[in-house]
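Undergrad: Please put together the full structure from these sequences, using the hints given.
Protein chains in written order, with the numbering used here: chain H, 1 to 404; chain U, 1001 to 1404.
Hints in this document: simulated from the structure, not taken from any laboratory. It is possible that part of the hints are untrue.
As the list claims (entries may be wrong) - Partner residues are not named here, just some residues of chain U that face chain H (Cβ under 8 Å, in silico):
| no. | residue |
| --- | --- |
| 1 | 1117 |
| 2 | 1118 |
| 3 | 1122 |
| 4 | 1307 |
| 5 | 1316 |
| 6 | 1325 |
| 7 | 1332 |
| 8 | 1334 |
| 9 | 1393 |
As the list claims (entries may be wrong) - With a Cα cut of at most 25 Å, we get these calculated DSS-like pairs of lysine-lysine:
| no. | chain 1 | residue 1 | chain 2 | residue 2 |
| --- | --- | --- | --- | --- |
| 10 | U | 1350 | H | 363 |
| 11 | H | 361 | U | 1350 |
| 12 | H | 92 | U | 1363 |
| 13 | U | 1025 | H | 397 |
| 14 | U | 1363 | U | 1025 |
| 15 | U | 1363 | H | 25 |
As the list claims (entries may be wrong) - Distance windows between CB atoms, simulated:
| no. | chain 1 | residue 1 | chain 2 | residue 2 | range |
| --- | --- | --- | --- | --- | --- |
| 16 | U | 1350 | H | 62 | 23 to 29 Å |
| 17 | H | 28 | U | 1027 | 33 to 39 Å |
| 18 | U | 1397 | H | 329 | 32 to 38 Å |
| 19 | U | 1248 | H | 87 | 52 to 58 Å |
| 20 | H | 334 | U | 1329 | 35 to 41 Å |
| 21 | H | 355 | U | 1334 | 30 to 36 Å |
| 22 | H | 5 | U | 1029 | 16 to 22 Å |
| 23 | H | 38 | U | 1350 | 18 to 24 Å |
| 24 | H | 359 | U | 1027 | 21 to 27 Å |
| 25 | H | 165 | U | 1333 | 47 to 53 Å |
| 26 | H | 364 | U | 1029 | 38 to 44 Å |
By construction, the Cβ of each residue, glycine as well, lies at the ideal position given by its N, Cα and C atoms.
Number of protein chains: 2
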Amino acid sequence: MKIIQGGVCAAKGFTANGIHCGIRKNRTKRDLSLIVSETKAAAAAVYTTNLVKGAPLAVTKRNIADGYARAVICNSGNANTCNAGGEQIAEKMCELVGNALSISAEDVVVASTGVIGQPLDITPIENGMKELVNGLSVNGGDFAAEGIMTTDTVKKDIAVEFELGNKVCRIGGIAKGSGMIHPNMATMLVFITTDAAISSEMLQKALSSDIADTFNMVSVDGDTSTNDMVTVLANGMAGNAEITEDNEDFKVFMKALNTVTVQLCRMIAGDGEGATKLLECSVSGAKDIITAKTVAKSVICSSLLKAAMFGADANWGRVLCAIGYSGADVDVNNVGVSFKSRKGVIEVCKNGAGVDFSEEKAKEILLEREIEIIVTLGDGNGSSTAWGCDLTYDYVKINGDYRT
Amino acid sequence: MKIIQGGVCAAKGFTANGIHCGIRKNRTKRDLSLIVSETKAAAAAVYTTNLVKGAPLAVTKRNIADGYARAVICNSGNANTCNAGGEQIAEKMCELVGNALSISAEDVVVASTGVIGQPLDITPIENGMKELVNGLSVNGGDFAAEGIMTTDTVKKDIAVEFELGNKVCRIGGIAKGSGMIHPNMATMLVFITTDAAISSEMLQKALSSDIADTFNMVSVDGDTSTNDMVTVLANGMAGNAEITEDNEDFKVFMKALNTVTVQLCRMIAGDGEGATKLLECSVSGAKDIITAKTVAKSVICSSLLKAAMFGADANWGRVLCAIGYSGADVDVNNVGVSFKSRKGVIEVCKNGAGVDFSEEKAKEILLEREIEIIVTLGDGNGSSTAWGCDLTYDYVKINGDYRT
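TA: Below is the structure:
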């Protein structure tokens, strides 16, 4: 398996584009993205568990109920949520795409991201559709990745190449993250494409299984969005024998998918609103996987630890504290904690109590951009990883005045 | 019932003091507090549910197992948690108090607050004990309140006077709060004294019942401390007939206790680390109280809403979002949201969707120091209130470099 260029257009038969249509005031910011498969593709999706759900999610759910789709339309700047008539607007978006591409409106996945509770004006989308479709290209993945960004500071894409029965296949994806990121059964917006041939059922199985260890283990601020969604389109153009059961090919596909999703998780966490650091908490020695996950997520969500990491302060007591209130069954007298970055690794806590360590060395390690918090529980073989970011002045700044 | 002066010394027979003994480097900051009852007092306490528990909690638990105590000793600057030999240090603190007051060491409640994971040096406490005891006075409540402060910016005390069978009784308390505040079954450090006569059993019953609606409904940062503790000492010196059952007197006592605890909750939340605003979320119309509590707490804990309140931004979509992911059983199409302060009240959401409102008026309301977020669920009669604060640059500043 190797990392390749092309993002959401790396897989054969996919084109994309992203334009500024006018939903956002800033004319330099793309706000409407489109991804299209040359042929009908198996489609799978997972959605937010927030009871307040964005209108586009309901429409997407209906549209891919048959297991297939052809295109993805997504706007930024407005979440199309908690407003009157949101579903009709989302359906209208699908209809506009359907008309422009001469495909069924019911083969379109629709998503929105941005402010909640304001009507989404269809006019700029309608006016921009021609430009959007005319600009579709195999090089358009970057534009599509930009069009779904909100407070993201960098576009997020990744693609891998792998083989299934001597056929070269590709999986690529784009994501937006940044704020209101604490997915539960789904996540922020992630669009993944592949040219591997795989049935809708197995595609959904692969996605549902993967997100439990990837997107559901990311937290920026503990707030689960109303519009989280991850979708995968698989158009089969790689020509491999279609995956229809849990065989060796499925395992290879899962591994490729996981490579893509883990990288997207890291990109989303590292570009959390205001973040200066990517935090990765790896827990091992838990009595089971659930315990490992609970602990990893609790550590990564602690506001106090996040602020300490911003200050490059090796305040491991906050790691212990977060483990203790996580609700997980842990013997606190066995807990070990180390901090690691490319500058090295330092043990700061052993058997639940502090060990002597060089504050200078700890500072050097924690001043890096990517920090790993290594927790050992000494209770068993369960392990898990969660991703997050530090809590900074800029998080407060960004969210203190988001709407205006 | 009326509010009176005197804090933890308002009740008859209680003296207190607080000094700088040298645990903290800043010589102007008191770091050791003592509260003493003239006679043996019924004692009740509740503790953190964090699996990582401060050493003083274990010692306190043993010491009040018989239902009685005479004194409370508490230091700030070091939590005496996750370090070797912490319990021996906590016992030594009790012993020093016992010797100085000629009482049993086992009649002493001990507490610590500050950094986790560093050894607590007993020397400054030993050296300061004489000064601490010599300075005990009925006017010492302020000093005691100051001695338990960490990042608190104001001391927190309150007292009320009420009658039980024509006897005037008093309840007073002091608290420290500020950071790592998200109590679960107990809270930060709160010391309450009363001269009402009440049995240990009924005192514990009153406290355990009260905290479910008070301290457990406060959150500053979602982090449940390792050292949370609330204790009440009742020395009976008011001369009322001892409360030994759930009678009318008990109800009056509960009401007086609740008046004290609610005010302490508001003080703790309003003085949350870096806070510029006290947030109060009142939920009504829930199908039951648990649902109301879940919703109120979820709203008050949302980082995004907290940041919006800092920016005086009426971003009610974040209230809806927090209700949606709270896990509570709510019909989101019935939800209403209003913001209220002493500048007035403004409805921003009705039946789960936005209503037209004056942004100017909303801004005026939200620029105040105390904000009420009123949520109506339209599902039943359950109601609840939670307290929190806004998320500010200063929270990040304080916690980015707490230890150094």
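Undergrad: Is it true that the C-beta distance of residue 165 of chain H to residue 1333 of chain U lies inside 47 to 53 Å, as the hint says?
TA: Given range 47 to 53 Å: holds, Cβ gap about 50 Å.
Undergrad: Against the 25 Å threshold, does the CA-CA distance of residue 1363 of chain U and residue 25 of chain H hold or violate the hint?
TA: Roughly 22 Å between the alpha carbons, so the hint for residue 1363 of chain U and residue 25 of chain H holds.
Undergrad: Check whether the Cα positions of residue 1363 of chain U and residue 1025 of chain U lie no farther apart than 25 Å.
TA: This hinted pair is violated, its Cα atoms lying about 42 Å apart.
Undergrad: Given the range 52 to 58 Å, decide if the beta-carbon distance of residue 1248 of chain U to residue 87 of chain H lies inside it.
TA: Holds: the Cβ-Cβ distance is about 56 Å, inside 52 to 58 Å.
Undergrad: Take a quick look at whether residue 361 of chain H and residue 1350 of chain U sit within 25 Å of each other, Cα to Cα.
TA: Violated, because 55 Å separates the two Cα atoms, which is more than 25 Å.
Undergrad: Between residue 334 of chain H and residue 1329 of chain U, does the C-beta distance stay in 35 to 41 Å?
TA: At 38 Å between Cβs, range holds.
Undergrad: Could one say that the CB atoms of residue 359 of chain H and residue 1027 of chain U fall in the range 21 to 27 Å?
TA: Hint holds: Cβ distance 24 Å, inside 21 to 27 Å.
Undergrad: Kindly confirm whether 30 to 36 Å is satisfied by the beta carbon distance between residue 355 of chain H and residue 1334 of chain U.
TA: violated (54 Å)
Undergrad: Check the following: the C-beta atoms of residue 38 of chain H and residue 1350 of chain U are separated by a distance inside 18 to 24 Å.
TA: At roughly 46 Å between Cβ atoms, residue 1350 of chain U and residue 38 of chain H fall outside 18 to 24 Å, so the hint is violated.
Undergrad: Given the hinted pair residue 1025 of chain U and residue 397 of chain H, is their alpha-carbon gap at most 25 Å?
TA: Given that 25 Å is the threshold and the Cα spacing comes to 33 Å, the pair is violated.
Undergrad: Was the hint right that residue 1316 of chain U lines chain H, CB cutoff 8 Å?
TA: holds (6 Å)
Undergrad: Interface hint check: residue 1393 of chain U, Cβ to nearest Cβ on chain H, cutoff 8 Å. Holds or violated?
TA: Holds. Min distance 5 Å.
In the structure shown, a violation is registered for the earlier hints numbered 3, 8, 10, 11, 12, 13, 14, 17, 21, 22, 23, 26, in ascending order.
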